Structure formats: C-alpha cells, structure tokens
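A.B. asks: Let the sequences and hints guide you as you build the complete structure.
In the order they appear, the protein sequences are chains A and B. In terms of the working numbering, the first sequence opens at residue 1 and continues consecutively. In terms of the working numbering, the second sequence opens at residue 269 and continues consecutively.
The set of hints was computed from the structure by calculation and includes no laboratory data. For clarity, every value in this text was computed on a predicted model and none was experimentally measured. Mixed in with the good hints there might be a few duds.
Which chain A residues face chain B? A few, computed with CB under 10 Å, are given here [to be verified]: (1) 79; (2) 96; (3) 110; (4) 124; (5) 203; (6) 246.
Far from chain B, by Cβ distances over 10 Å, these chain A residues were calculated [stated by the list, open to error]: (7) 89; (8) 126; (9) 140.
As a list, the in silico SDA-like pairs of lysine to any residue whose alpha-carbon atoms are at most 20 Å apart [claimed, not checked]: (10) B:285 with A:240; (11) A:251 with B:279; (12) A:190 with B:304; (13) B:320 with A:197; (14) B:316 with B:276.
Even for Gly, the Cβ is constructed at its ideal location relative to N, Cα and C.
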Amino acid sequence: MKLFCPGEVLFFLLRSFCGRAAAGLGLCGAVAKSGNMGYHACDILVSRFREMLFQRVDCSKKSWIAAVPQPGTNDLTDEAFRNQILEQLDALFGFAMSLARNRSDAEDLVQETCLKAWRSASGFKAGTNLKAWLFTILRNTFINEYRRRKNSGEKVSLDADEEFSFYAEAYGSLQRSEKEPVPDVMNPDKVEELFGDEITKALESLSDEFREAVFLSDVQELPYQEIAEILEIPIGTVRSRIARARAALQKQLWVYAHEKGYVKGNLK
Amino acid sequence: MISCEEAAAFFQSYLDKELSAREVLHIEEHLKACRDCAGHMAYDRALKSLVKNKSLSSQLSLDMRKLLEERLKKA
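C.D. replies: Shown next, in the form of structure tokens:
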C-alpha cells in the first residue's frame, strides 16, 4: 500500500472537520485501506467525511449527490419533483422518437412516461439518476404497449462479429488508386453535407435494440454502465451493440456513397 | 508507442469516454504521431456528432409541453 499524503496533512484535515482523534483514526484506516496516491487519499478522506456527516442526518449514503425531493410531503417538494421530470422532456422525447420513430407515438409515450413516473414517485430512490429512471419507464412502456402492435418491417440484420469502418474502406480504396487529393467523402467537415439525410434513414433502418443503444451513447452521451442499467443488459453487450450498430450505419453510408459515386471501392 | 491496430481497437471507447486515464494517454500519444489514425478518429467523431445533431432536430412541441405540465399538476 502506497500512501504519499503526509500523516500531518490527514490529521489536520481530520481535526478541521471533526476535532476528534478517534474519528480521525477510523477515517485514517479507511483512507489507508483504499488510498494509493496522495491526492486520491485526500479525496477519499473528504468524501468519507461527507458521507459520515450526511449519515448523521439520516440520509442514504449517496443522497447528498443530486438529491431529489420526494412528492407527497408538501406542495414545494411536489413542485420540485414535477419540475425535475419536466426538465427531462427533451431527452425523453428524443428517446421516444428513437424507439417509436413517429411523432404521434413518441408524444404519447412521453406523456405516459411522465404520468407513470409521477404516480410511482415512491419507486424513485433519491440520489440516483432521475433521467435513467425515466428512460427505463419509457422503454418498458414502449416494449409493453407499443412494440407489440407496431409492424417493425424490414430491419438491417447484423452479424455477430460484423465490423465495418467507412473511413478505413475509403482509405483503402484511395490507396489502390491515387492518394491525392483526399476526396470530400473522407473530410469530417463534409459529413453533414454529404450524409445528413442518409444518416437519418440509416438510423431508422436499425432494429430497436441497436438504435436505442446508439441513441443513449451518441445522443445522450451516457456512460456504458448507465446504458447497461437502462437496457438491463451486461456492459459488454452494450459495447458490442454500439460497435455493431455503428458498423451497420457506416456500411449503409458506404453503399449510399458508392451509389452516388463518392467512392470507388468495392461494394461489400 | 502502440500500433495502429492496437489504437483502432480503442477508438470507440475513446470517443465514448470509456477509457482509463492511462489508456487515453496511450491513444492520444498515438494520434499525435499518426496522421492516418487521427483522420480516422476525426471522421468517426464527426459521424457520432451527426447522429446526435440529427436525432435532436425533432423537438417536443410547445403545445405538448404545456399539456404535460397541466396534466402533471392535476395528476
């Protein structure tokens, strides 16, 4: 165990916070167990102390982070909880659109999600991620009430180990012919101009499980762990779905670029 | 320095900010030295941004937003 933070610094911090040698020793032990760097040790110390303080006022361990008041106790907390739900409307609508793929169903889905969330507010654990909780409700509503009746139509099938990179293909075809000048199709600044409409079609052609993974990662920029919790799948499956979905999107763009004559490579 | 193949295996996780600080250092060292991989990364990042921009282009209507506010107040 390496602990570079000097004992005097720890002791000073402890005394400043609690003024009790016993609590200080206990916290030192906790720091020593988990710390292996000076600053890291100090961070741990401070966060442990925060936890200790908040536990004293009877909060759950993580409740000091982004605690959300629960509805039902008074008008103010009702309003605060309602406002927190309403703040997520754009994100919810985006997720609903990515699943339902039409405005009417997406609006219904958002409405049902908000009402369900409001009614089951007691199921939300203060201090946990409200957006992730709402996304889970929305997704479950979609699966149970919308997907069944929806005709999903033709979807891009993805092989288990499919890998495809537009840039690598374009680069490869360039090497076989001429290296200069670099075509617009490989210029990141031209991507929107060339593929702005096509990417929407490509996204719509993905099956639900791939589209939702890409949405949560690319649009909501959620970490894989949160995506795994929302989708109720292992983190490795999240990684794989995102990779396969992106490969499928890039493959569709490649086919389109080939049809348009933007690229000369093989059409695989 | 890591090879292009090794770097490519981390591209997706790098874009999604899923790498450790040490892995980020390895990738960024490679990207600084390798023009081809830097171009590849920039392109994939542009595609990721395009997905985001296109997906955010449809917004909830103001009427629907007001309706939801009212319904939540009455619920």
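A.B. asks: Is residue 285 of chain B close enough to residue 240 of chain A, meaning Cα to Cα at most 20 Å?
C.D. replies: 16 Å, holds
A.B. asks: Does residue 110 of chain A meet its interface restraint, that is, does its C-beta lie within less than 10 Å of any C-beta in chain B?
C.D. replies: 7 Å, holds
A.B. asks: Holds or violated: is there a CB of chain B closer than 10 Å to the CB of residue 246 of chain A?
C.D. replies: Nearest chain B Cβ about 7 Å off; hint holds.
A.B. asks: Should the interface hint for residue 79 of chain A be scored as holding, given a Cβ-Cβ cut-off of 10 Å against chain B?
C.D. replies: 9 Å, holds
A.B. asks: For the pair supplied as a hint, residue 190 of chain A and residue 304 of chain B, confirm whether the alpha-carbon distance does not exceed 20 Å.
C.D. replies: Holds, because 18 Å separates the two Cα atoms, which is no more than 20 Å.
A.B. asks: Verify this label for me: residue 126 of chain A is non-interface relative to chain B, using a Cβ-Cβ cutoff of 10 Å.
C.D. replies: Given that every Cβ of chain B is farther than 10 Å from that of residue 126 of chain A, nearest at about 19 Å, it holds.
A.B. asks: Between the alpha carbons of residue 320 of chain B and residue 197 of chain A, is the straight-line distance 20 Å or under?
C.D. replies: 13 Å, holds
A.B. asks: Please verify that the nearest CB of chain B lies beyond 10 Å from residue 140 of chain A's CB.
C.D. replies: 19 Å, holds
A.B. asks: Holds or violated: is the Cβ of residue 124 of chain A closer than 10 Å to a Cβ in chain B?
C.D. replies: 15 Å, violated
A.B. asks: Beyond 10 Å from chain B, beta-carbon-wise, is residue 89 of chain A?
C.D. replies: 5 Å, violated
A.B. asks: Have a go at the residue 203 of chain A hint: is there a Cβ in chain B nearer than 10 Å to its own Cβ?
C.D. replies: 7 Å, holds
A.B. asks: CA of residue 316 of chain B to CA of residue 276 of chain B, is that 20 Å or under?
C.D. replies: The hint holds at about 16 Å.
Hint check: violations occur at hints 4, 7; the rest are consistent with the structure.
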